[in-house]
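Enquirer: Below, each chain spelled out in residue letters.
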Amino acid sequence: GNSVTQMEGPVTLSEEAFLTINCTYTATGYPSLFWYVQYPGEGLQLLLKATKADDKGSNKGFEATYRKETTSFHLEKGSVQVSDSAVYFCALSDSRSGGGADGLTFGKGTHLIIQP
Amino acid sequence: KAGVTQTPRYLIKTRGQQVTLSCSPISGHRSVSWYQQTPGQGLQFLFEYFSETQRNKGNFPGRFSGRQFSNSRSEMNVSTLELGDSALYLCASSPPAAGQNTEAFFGQGTRLTVV
Numbered sequence: 001g002n003s004v005t006q007m008e009g010p011v012t013l014s015e016e017a018f019l020t021i022n023c024t025y026t027a028t029g030y031p032s033l034f035w036y037v038q039y040p041g042e043g044l045q046l047l048l049k050a051t052k053a054d055d056k057g058s059n060k061g062f063e064a065t066y067r068k069e070t071t072s073f074h075l076e077k078g079s080v081q082v083s084d085s086a087v088y089f090c091a092l093s094d095s096r097s098g099g100g101a102d103g104l105t106f107g108k109g110t111h112l113i114i115q116p
Numbered sequence: 001k002a003g004v005t006q007t008p009r010y011l012i013k014t015r016g017q018q019v020t021l022s023c024s025p026i027s028g029h030r031s032v033s034w035y036q037q038t039p040g041q042g043l044q045f046l047f048e049y050f051s052e053t054q055r056n057k058g059n060f061p062g063r064f065s066g067r068q069f070s071n072s073r074s075e076m077n078v079s080t081l082e083l084g085d086s087a088l089y090l091c092a093s094s095p096p097a098a099g100q101n102t103e104a105f106f107g108q109g110t111r112l113t114v115v
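In order, the protein sequences belong to chains H and R.
All the letters of the first sequence, read from the start, carry residue numbers 1 to 116 under my numbering.
All the letters of the second sequence, read from the start, carry residue numbers 1 to 115 under my numbering.
Hints in this document: simulated from the structure, not taken from any laboratory.
Every residue, glycine too, gets a C-beta built ideally from N, C-alpha and C.
Heads up, some of the hints might be wrong.
Unchecked claim - No more than 30 Å apart at the CA atoms, straight line, and that leaves these computed lysine-lysine pairs for DSSO-like:
no. : chain 1 : residue 1 : chain 2 : residue 2
1   : H       : K108      : R       : K13
2   : H       : K77       : H       : K56
3   : H       : K68       : H       : K56
4   : R       : K57       : H       : K68
5   : R       : K13       : R       : K57
6   : H       : K108      : H       : K68
7   : H       : K52       : R       : K57
8   : H       : K56       : H       : K108
9   : H       : K52       : R       : K13
10  : H       : K52       : H       : K108
11  : H       : K60       : H       : K77
12  : H       : K52       : H       : K77
Unchecked claim - Just a sample of chain H residues kept apart from chain R, beta carbon distances all over 10 Å, derived:
no. : residue
13  : T12
14  : A17
15  : Q45
16  : T105
17  : G107
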């Protein structure tokens, strides 16, 4: 079956530090990959996505590249802000499940804390 | 444009009772999915409905059920509640052209506590 593995944290960084959150996946089909963010008391918001190998998703200074050879989709940001403190989820959707909202497989989430 | 709305936001139930949660998707969205979020298991897919039909189902017992109405609103029901059902239940909707690349829009969730 499908699975997503990511570092759970908490990850604590100082403001303006470089961020990497690792994500690797296992899928039997040809998945699309997503990063979602969850702020306290809120639901999940899509941060970025990539639909095929070598695609780079980017949004709000965050980037992630779909690496099929290493089955990875690591999230990076060059300079984090206090407002980036949240829980980040890596997720995949494969062609067998029909994708979209139906049948996303999530990692356990990484709690990111940015200190001023 | 209104987002995904889930009601109620918080709920406390007693073991053995049943509960119904409601989700109103974004206008025009026909796919609605439900997820359970717990500290131990993380986010797990429950089921997905499209045009009033269950299209996908996760690995949950039959106590968990759902339905979708003609206006795309969805309800989720849990019968014979157990302490382990305490969780944040999230609903997500997707635009009509659903596929594996389609973004899922999540509601704020319903926090269910079983005592």
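Enquirer: Go through the numbered hints given earlier and state which of them the structure violates, listing their numbers in rising order.
Expert: 9, 15, 16 and 17
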